[in-house]
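Protein sequences appear in the order of chains A and B. What the first sequence shows, in the working numbering, is residues 4 to 92, in sequence order. What the second sequence shows, in the working numbering, is residues 145 to 565, in sequence order.
In case anyone wonders, no lab produced these hints; they're calculated from the structure. Treat the hints loosely; a few may be bogus.
In silico DSSO-like pairs for lysine-lysine, Cα to Cα no more than 30 Å straight-line [as the list claims (entries may be wrong)]:
1. A/K29 - A/K64
2. B/K176 - A/K26
3. A/K29 - A/K85
4. A/K34 - B/K355
5. A/K26 - A/K64
6. A/K46 - A/K26
7. A/K79 - B/K176
8. A/K85 - B/K438
9. B/K355 - A/K29
10. A/K26 - B/K438
11. A/K5 - B/K262
12. A/K83 - A/K67
13. B/K355 - A/K64
14. B/K438 - A/K83
15. A/K34 - A/K67
Which residues of chain A face chain B? A partial, calculated answer using Cβ under 8 Å [said to hold, decoys possible]:
16. G15
17. I33
18. A35
19. V37
Glycine included, C-beta positions come from ideal geometry on N, C-alpha and C.
Residue-level listing of the chains:
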Amino acid sequence: MKILSVCGNGLGSSLILKMAVEKVLKSEDIKANVVVSDLGNAKGLDADYIVASPEIAERLKDHKATVIAIKNMMDKNEIKEKLISQINQ
Amino acid sequence: MSVLNFIVNEILSQPAMLIGIIAMIGLIASQKKFSDVLSGTLKSILGFVILGAGAGVLVGSLNNFGPIFEAGFNIQGVVPNNEAIVAIAQQTFGRETALIMGFGFVANILFARFTPLKYIFLTGHHTFFMAALLSAVLGTAGLTGVPLVVMGSVILGALMVIMPAIADPFMREITGGDDIALGHFGTIGYVAAGLTGKAVGNKENSTEEIKVPETFEFLKDSLLATAITMIIIFLIVGFKAGADVVSDYSGGQGIVIFSIMQGITFAAGVSIILSGVRMILGEIVPAFQGIGEKIVPNAKPALDCPIVFPYAPTAVIVGFFASFLGGIVGMFLLGPIGLTLIIPGLVPHFFTGATAGVFGNAVGGKRGAAFGAFVNGLIITFLPAMLLPVLGSLGFNNTTFGDSDFGVVGIVLGFIAKLIG
């Protein structure tokens with residue numbers, strides 16, 4: 004399973020979000036490859052899920068992957084609720 | 145002896161290797177598996193080499209820009225771009241930058257552990273950029289070797305806790321909580337915006353009462369925004385300079401196509417640099433966070449500026465426009481007072497202007513967002529112009545550091561060096 008973590012530059016926020024997502028995945032015992040990307044490149048990358056802030060997620064809604072908007076990237080519960088519930092479906 | 149010689153002369157003199165060693169130490173300290181340590185180390189080294197390749201692409205475009213601009217406007221013009229100036233700086237200060245960044249992380253953790261400023265600064269690219277600025281400014285001031293690295297690392301570590309601390313009162317207003325701090329070296333501009341907002345506005349009249357069209361969403365794609373800005377700037381400069389001047393650099397190609405291709409080439413260079421930076425930091429920052437959490441468990445994470453955008457999406461747009469306006473007004477003021485022209489870029493005004501807008505709005509509502517971000521726009525126009533002389537030979541590349549704290553730190557250190565010097 005591949006998860007893209009996306010922000011405007013692919014440097015700051017997306018890396019923080021990736022670290023948070025990896026921690027949540029680990030606690031749920033789910034194996035996945037989480038990759039950081041900037042918005043421009045993300046459109047051309049393959050993935051099963053995309054996590055990003057709401058305004059970035061909005062710009063990726065046409066992507067093949069399931070796009071999940073995370074409001075507060077420090078909030079592990081939000082990530083758990085939105086992402087893990089999608090994965091477990 | 146020959147082993148020591150090999151380490152000092154061969155490995156430590158090669159910045160890419162140094163970056164790899166820093167990543168390796170971080171990965172080993174966070175108890176990663178051998179295969180993860182190996183791949184993480186290699187990725188960081190690859191990232192540094194990619195960064196250099198990006199600089200090569202971008203410099204081609206900037207070397208055309210500088211002389212065409214001067215022919216058209218009879219004054220030096222500079223496009224501030226952190227990625228560009230840092231990538232170029234690596235050709236001269238790569239070793240110093242790598243060491244200051246590595247020890248800067250350590251200094252941050254020590255400051256957070258032993259002072260009341262409990263912040264772990266997780267915006268790795270800004271740590272990297274500040275390390276490059278410190279190398280250039282301290283190097284130009286005459287420091288070399290161990291004193292340069294020690295001084296640079298201590299200053300960097302201090303900035304990594306001081307900047308989040310001075311932004312914190314505003315961050316509490318913005319987030320309504322106390323969980324996250326801002327870790328971004330545009331903080332002086334944001335605090336100035338906050339103070340301005342407090343003075344002129346009323347936080348009850350929030351920007352979030354207004355709805356804005358979504359036309360400007362493209363700005364969040366910073367690569368696209370960079371390409372568009374640079375195409376427009378090249379077109380204006382090209383037409384002002386005229387076809388004769390342009391053809392000297394374009395090999396006979398017309399102004400329109402040449403300008404479009406140069407703008408796109410610049411953006412392509414930035415994109416390559418960004419992917420290099422991403423590879424360098426993709427391993428180092430998580431390792432740093434893990435170690436930081438262990439040593440300073442009660443520290444607050446200091447995060448990149450878009451963290452505040454969801455709290456006031458309209459202030460983001462208001463802030464961008466007001467900051468950009470400040471950049472244009474500032475640009476017209478620079479010429480008459482004899483400073484180098486700083487051309488406002490969409491990307492720095494978007495990220496720092498938006499953040500300034502959110503700061504201004506939190507304490508001063510609509511007026512606070514607009515006036516605060518306008519002040520930020522002026523600041524990120526004047527500071528880069530005043531920074532150029534203290535960068536030494538690095539100041540002659542038609543680009544410079546964009547965000548406010550780089551300017552303040554560079555100018556203050558340059559001033560101190562002159563007093564002592």
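Results of checking the hints against the structure:
Between the alpha carbons of A/K29 and A/K64 the distance comes to roughly 27 Å, so the proposed pair stays at or under 30 Å and holds. Between the alpha carbons of B/K176 and A/K26 the distance comes to roughly 15 Å, so the proposed pair stays at or under 30 Å and holds. Taking the CA atoms of A/K29 and A/K85, the gap is near 16 Å; set against the 30 Å cutoff, the hint holds. With a C-alpha separation of about 41 Å, the suggested pairing of A/K34 with B/K355 is violated against the 30 Å cut-off.
Straight-line distance between C-alpha atoms of A/K26 and A/K64 comes to about 25 Å, which keeps the hinted pair within the 30 Å bound. A hinted pair counts as satisfied when its Cα atoms are at most 30 Å apart, and A/K46 with A/K26 qualifies at roughly 25 Å. Proposed proximity of A/K79 and B/K176 is supported: the alpha carbons are some 23 Å apart, at most 30 Å. With a C-alpha separation of about 28 Å, the suggested pairing of A/K85 with B/K438 holds against the 30 Å cut-off.
Pair hint B/K355 plus A/K29 does not hold up; C-alpha atoms about 40 Å apart against a cutoff of 30 Å. Under the criterion of a C-alpha separation no larger than 30 Å, the hint pairing A/K26 with B/K438 is consistent with the structure, at around 15 Å. Restraint check for A/K5 and B/K262: the C-alpha separation of about 35 Å exceeds 30 Å, so the hint is violated. Among the hinted pairs, A/K83 with A/K67 is consistent with the structure: their alpha-carbon atoms are about 22 Å apart, no more than 30 Å.
For a cut-off of 30 Å, the pair hint linking B/K355 to A/K64 stands: about 21 Å separates their Cα positions. Proximity of B/K438 to A/K83 is assessed by CA-CA distance (about 23 Å); at most 30 Å being required, the pair is judged to hold. With a C-alpha separation of about 21 Å, the suggested pairing of A/K34 with A/K67 holds against the 30 Å cut-off. Checking A/G15 against chain B: minimum C-beta separation of about 3 Å stays under 8 Å; hint holds.
The interface hint given for A/I33 is violated, since its Cβ lies 18 Å from the closest Cβ of chain B, which is over the 8 Å cut-off. Taking 8 Å as the C-beta contact cut-off toward chain B, the hint placing A/A35 at the interface is violated, the least distance being around 15 Å. Of the supplied interface hints, the one on A/V37 is violated, with its beta-carbon coming no nearer than about 11 Å to a beta-carbon of chain B, more than 8 Å.
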